[in-house]
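Each chain, letter by letter, is given below.
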Amino acid sequence: MNRNSGALAIALLSPAILLFVALTIYPLIRVFALSLFATDYGFEDATYVGLENYSDLLAHRFFRTAAWNTLVFAILATVSEVGIGLILALMVNGKLPGSRFVVPALLMPYVLSTMVVTAIWRAWFHYDFGYLNNLLRSVDLPAVEWLFDPDIAMLSLVLVDTWQTAPLTFLIILAGLQSVPGEIYEAADVDGAGPRHVFFGITLPLLMPYLFLAALLRSVDAFKIFDKVFALTGGGPGQATETLSMYVYRLGFKFYDVGAASAAAIIMVAISGLLALIYAFKLAGNKS
Amino acid sequence: MIQKRRDTVRIALAYLTTAIFLMPILWMISTSLRPPIDYVSNSISLIPSQVTLEHYRELIRGDLLGKALNSAIVAAGTTILALGAAFPAAYALVRIRFPAKLDLVFLMFVLLVKLTPPISLAIPLYQVLRTLGLLDALLGLIIVYQVYALPFAIWMLLGFVRDVPVEYEEAALVDGASLMRRLRSIVLPVMTPGLIATSVFLVILSWNEFAYALLFIQSPDNFTLPTFIATLITEDETFWGKLSAVGLMASLPILLMVGFVQKGLTRGFGGGIK
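First to last, the protein sequences are chains R and L.
Using my numbering, the letters of the first sequence map in sequence onto residues 1 to 288.
Using my numbering, the letters of the second sequence map in sequence onto residues 289 to 562.
Don't take every hint at face value.
Stated by the list, open to error - Lysine-lysine pairs mimicking PhoX-like chemistry, simulated, CA-CA at most 20 Å apart:
hint, chain 1, residue 1, chain 2, residue 2
1, R, K282, L, K389
2, L, K292, R, K95
3, R, K282, L, K292
Derived by calculation from the structure, the hints in this document are not laboratory data.
Next up, chain L with everything else stripped away, as it sits in the complex (with noise of 0.2 Å):
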């Protein structure tokens, strides 16, 4: 009996908790609907009293989409650029027997790279895009943000390849298969579900980082989206409901995307632990 008026107790407190982490989202949501006279007043109510759409139609009139557009351009770019470095590595460092330890060194080296402090590289790094001749472009970006999504990506592809049968390759190798043919045959076929996890850590990653994007990218036009929500949070705050719309629609890809490989990015968490 006492066990159950606790579980009851217990629920109820969760439903109250997700409801008071969701407000600011639904806040959001809400916000985005209203004609700007409405948020101007203390009331508490999320429910608008009128719903207009006008945020929306301003930003797809304005440059919204070329944002977003950037924002897919970088995410993609960063995330093929990154799968094809890490994959290989990550492979390397489970299959092949490395002397001294060296693998050992690589990967506390990967861990360095990714606790540092992305801003502590951030002077060299523009000196460097410069001299490319890449600052103020997507490419620029896509390199830079190597920085934080090759270690991660090794990091999460490790455990990945680690799950992989080694049986399965050493019946393959006996046959002739070549390495090229084990990777296609066996090795990615058996990784997707980990490949796709990570390229949703990665994509993520790179849709919402800001720093970078704000200190090598200077026209307007090659924007992410996040340093255009920055651009819209400085300059005046009274554009809460355009904010609101901004927010809610560079969130939703990304949304999405989660939902779709929910189970994946469990796993991916608890990667980290094993």
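Okay, chain R solo, but in the shape it has when bound (with noise of 0.2 Å):
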């Protein structure tokens, strides 16, 4: 059908490209031209500095432990997600009285906005009153310092998306074990399998696509985290929890250094580029 339609095509698709070019490829090249300077917001009295301030940014101390805390947060908060996703879809799949009320009530945290999160968050990781201190106080063990001791910040981040994200990778592995046809099962039921056969044999592999999409979305988005360190640690105590889109806000919206936080902004895209051609080569991958 319409096969002769440039035109139509063109006309379909201008609205989102006159956006795109506006909002995107206008602003990338923007940010690459700005990265090639010593400017602040002005341009005016910008410097031509070539790739120095990507010379600087790698040498710099700060920028590098940016990078590793943004490593180790999305590797952190990736395992620990689809870890807990698995178990929660483990847990609700198959037979489970009133499943109509526990599914969407573990949805919840998802919904809720980030900075409602982190608003429960800091009050129950307040040291003197925070609920959690209060646990570990009922049952006679030691509170903790869960965002100002640099050891454990990091680890304080991890649980807080973990509690608000682990619903989206629970649904998406939960679709992947509705997914598999019962007769499978039965078939090895009558093979005589064991659970754990049937789970390493079975479940496991036919759910590896689902597990990889988790995944992929959850350190996609684990790489880009912004606004929970910004309400929770603000990147401290120190630099612990500084991750690299806190560093390029602070270098851009506080200290006016456009060129370096566009260098370093660029850094970011080509990172996610690189994560953006696994994920389309999985996609594919998937249709054939």
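Each chain sits in its own coordinate frame; assemble them with the hints.
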């Protein structure tokens, strides 16, 4: 249908293309250009410095710490979110009285706004009156400096992120579990396969595309993390939870070092481009 | 027998985990109803010793409703603009044959935008908004939110357009129905559930967005709910009751919407795999 319809295609796509040009293509070119200059917001007295911003960044301890923290956060968050999502899905899949209420209840944290989530957890993490430390004290365990101990602050962020988004991985993995035809299990049952066998031999391999999708979605999002860090730790204590997004924000909007912030932003775009490629190959692979 | 016992354990664990997952939300509800004196304690009870509505009253006397209205305007504007641009695009990408796989190139680009960290576009977007005179304006937010909303909407609508049987449209075409006519009387009606599910996601996304709202809105009058909440978090964290009440009130519209279209949402999540 509509074989010779170039004009029609352009007409239908033009609103989207217009928005993309104004909001992403032009800004991306602009960020790249800015990354080659030493400049603040004026741009009038900008000096061309070539790739100096990049080499400065890569040599700078704070940037490397932010990159390292981002990687650590992304790995910890992805692993714990996919792991907990899988456990939740396995528990809920199958006969579960009241599952009509359990599934929506489990989804609630995901629907809450991140600012609401951080508000709750700021209170839970409070050293003196926070709910978590109250729980610990009630069973005679020592209280924890959830957000102010440099060794723990990152784990606290992971905990909050996991609480909020494990419901999403749960939903994806549950969809995967429910797409496994029941006959396969019946056949395995007839063959006398044990539950461990069934899980590792049948369920897990069939779930792989779903686990992969969940992991990819979560790692991409974890890589961008900004708002939780901003509102829970502000990147602290010290540099302990400073991520790349926080770093770009600070450089660009607090110190007005627009050139360096742009270079860091371009590095982030490059990394997400790489993730996009993996994603695309995976999607293409699923189709064939 | 063993199978049955295993099932009982699994079900019990499922309930327990759900309860643990819900505790922070129960805590929020309970704290929003507690008098301030109550939460400076070491109690782990989630039941308030005394119930008060003072936090809610205080918020409504303040400007909570104004912030909620800002959020609603931004959410509605973002959703309408994104659907208006994404629906024709998705329709074209599914129904029209593109030369040289240009459609795939376009989709790859959409994907790249979807994965790009929003903060990395913030500096030039700041300049774009300043040039347009839309810094510190809700309309400015509606426009920059397309960075998130448009790729998402295109990607999600693709699947729903694919589900509209092409035969219906071909039959209408033989009868001489114009494109507008076909869209209005065939494609849109069949896609209604998909459009609703997509809208719900777009509303949630813009209702909850924080980074751009923080960077591009300066005057408190124009704050959306997340930026308003952020000011409460950083100023003084002992406003727990007020904070919980805001959190709950900001979440209710979204929770209601999600409950309303739950089935469509699950489908939407599954759509990414197909």
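Taking the hints in turn, this is what the structure says about them:
Pair hint K282/R plus K389/L holds up; C-alpha atoms about 18 Å apart against a cutoff of 20 Å. A distance of roughly 11 Å separates the Cα atoms of K292/L and K95/R; the hinted pair therefore holds under the 20 Å criterion. Distance restraint check for K282/R and K292/L: the Cα-Cα separation of roughly 39 Å exceeds the 20 Å cut-off, and the hinted pair is therefore not satisfied.
Of the numbered hints stated above, the single one contradicted by the structure is hint 3.
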